[in-house]
Amino acid sequence: MASTTVTPGRTVRKVQPIPQTRNRLELALWMFMRYSGLALVFLALSHFWMQHVLIGTHEIEFAGTQLRWGITGQPVTVEQLIWRAYYAVMLILAVAHGINGVRQVAYDYFGHRPATYKGLMYVVVAIAAIISLGGILALFMGAAAGGEAALR
Amino acid sequence: MLTPLITTARESLRYRGSGHVLWLLHRVTGLGVVIFLGTHIFGMSMATFNPPLHEAMLAVYKTPLFSLGEIVLAACLIFHAVNGTRIAILELRPALWDKQEVATRWSVIITLILLAPTIAIMAFKSISYYATHGLR
Chain A
1 MASTTVTPGR TVRKVQPIPQ TRNRLELALW MFMRYSGLAL VFLALSHFWM
51 QHVLIGTHEI EFAGTQLRWG ITGQPVTVEQ LIWRAYYAVM LILAVAHGIN
101 GVRQVAYDYF GHRPATYKGL MYVVVAIAAI ISLGGILALF MGAAAGGEAA
151 LR
Chain B
1 MLTPLITTAR ESLRYRGSGH VLWLLHRVTG LGVVIFLGTH IFGMSMATFN
51 PPLHEAMLAV YKTPLFSLGE IVLAACLIFH AVNGTRIAIL ELRPALWDKQ
101 EVATRWSVII TLILLAPTIA IMAFKSISYY ATHGLR
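Read top to bottom, the protein sequences are chains A and B.
Note that our numbering gives residue 114 to position 114 of the first sequence, counting from 1, and the numbers run on in steps of one.
Note that our numbering gives residue 81 to position 81 of the second sequence, counting from 1, and the numbers run on in steps of one.
Treat the hints as calculated values from the structure; they're not laboratory data.
One should not assume that every hint holds.
To be verified - Computed far set for chain A versus chain B, every beta-carbon distance over 10 Å: (1) Asn23; (2) Val78; (3) Gln80; (4) Ala85; (5) Val89; (6) Tyr122.
To be verified - Covered stretches of chain A, as calculated for chain B (at least 3 residues, CB under 8 Å): (7) 114 to 121; (8) 124 to 131.
All residues carry an ideal CB built from backbone N, CA and C; glycine is no exception.
Using the sequences and the hints, build the whole thing.
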């Protein structure tokens with residue numbers, strides 16, 4: 001879509017449209033950042049206000065986690081399954097949103113050095129994958145039994 | 001290798017309007033939250049894999065330095081959430097693009113409205129905890 005209006009004395013530059021088929025992944029990720037962000041506003045803020053503010057970090061104990069997640073090897077209640085789903089959805093969205101954010105920042109600063117950028121992203125994605133797989137596994141196994149706090 | 005970082009730091013700090021400051025803050029707070037996110041997921045998953053380590057993490061969460069850091073985390077998280085909502089709404093609704101200046105102002109106002117009671121409650125709970133349990 002080149003500009004056709006010509007003002008005398010002005011240079012008109014032809015603007016090439018961005019091909020719509022290119023960078024489909026980038027477009028998908030761009031949309032993902034918006035929608036996951038909107039979901040995380042509710043998920044992350046509700047979690048933060050619930051655990052870190054209303055209950056308060058100083059009142060958080062192992063026993064509380066055992067109550068919400070359930071305990072490894074013991075029957076799971078519906079309530080615990082809802083908590084697990086809540087944390088799992090939040091974890092997946094937050095980690096994916098975070099990795100893509102880090103990728104954008106890394107690209108801005110290291111994009112002109114593809115080797116550094118790629119190496120950095122491999123490390124970030126590897127760490128994030130291990131941590132989040134561990135987190136999901138922990139959630140669906142339930143908290144470990146016992147614990148000093150649990151006996152009180 | 002550091003040259004782009006130094007250039008970025010210098011150029012980022014040069015004032016280019018309110019939207020630019022919010023862009024920079026969005027980036028910094030996002031990185032802050034993502035670092036805590038990683039350690040938090042790791043620490044919480046230890047409730048399953050290594051309860052003593054999990055309890056040790058909870059003990060760290062109840063120290064004055066962490067409580068201060070947690071207030072910074074609250075500021076980062078709430079700002080990133082509010083400002084991110086502004087970005088999402090504006091970018092998904094091109095009809096609102098002439099309202100950018102109003103939106104940046106409201107981004108800051110809503111952040112402060114949500115942040116003030118949050119910090120007040122956190123600070124109150126922290127101070128009363130350390131007043132009864134002592135500083136560790």
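Status of the hints after comparison with the structure:
A/Asn23, annotated as away from the interface, keeps every beta carbon of chain B farther than 10 Å; the closest lies near 16 Å. Distance to chain B confirms A/Val78 as a non-interface residue, since its nearest Cβ pair spans about 20 Å, more than 10 Å. A/Gln80, annotated as away from the interface, keeps every beta carbon of chain B farther than 10 Å; the closest lies near 13 Å. Against chain B, the non-interface label of A/Ala85 holds: every CB pair exceeds 10 Å, the least being about 16 Å.
With a minimum CB-CB distance of about 14 Å to chain B, A/Val89 clears the 10 Å threshold, and the non-interface call stands. Every C-beta of chain B lies more than 10 Å from that of A/Tyr122, the closest at about 16 Å, which supports listing it as non-interface. Given as covered by chain B, the stretch 114 to 121 of chain A fails the check, having 1 residues with a CB less than 8 Å from a CB of that chain where 3 are the minimum. Given as covered by chain B, the stretch 124 to 131 of chain A passes the check, having 3 residues with a CB less than 8 Å from a CB of that chain where 3 are the minimum.
In terms of the numbered hints stated before, the structure departs from hint 7 and from no other.
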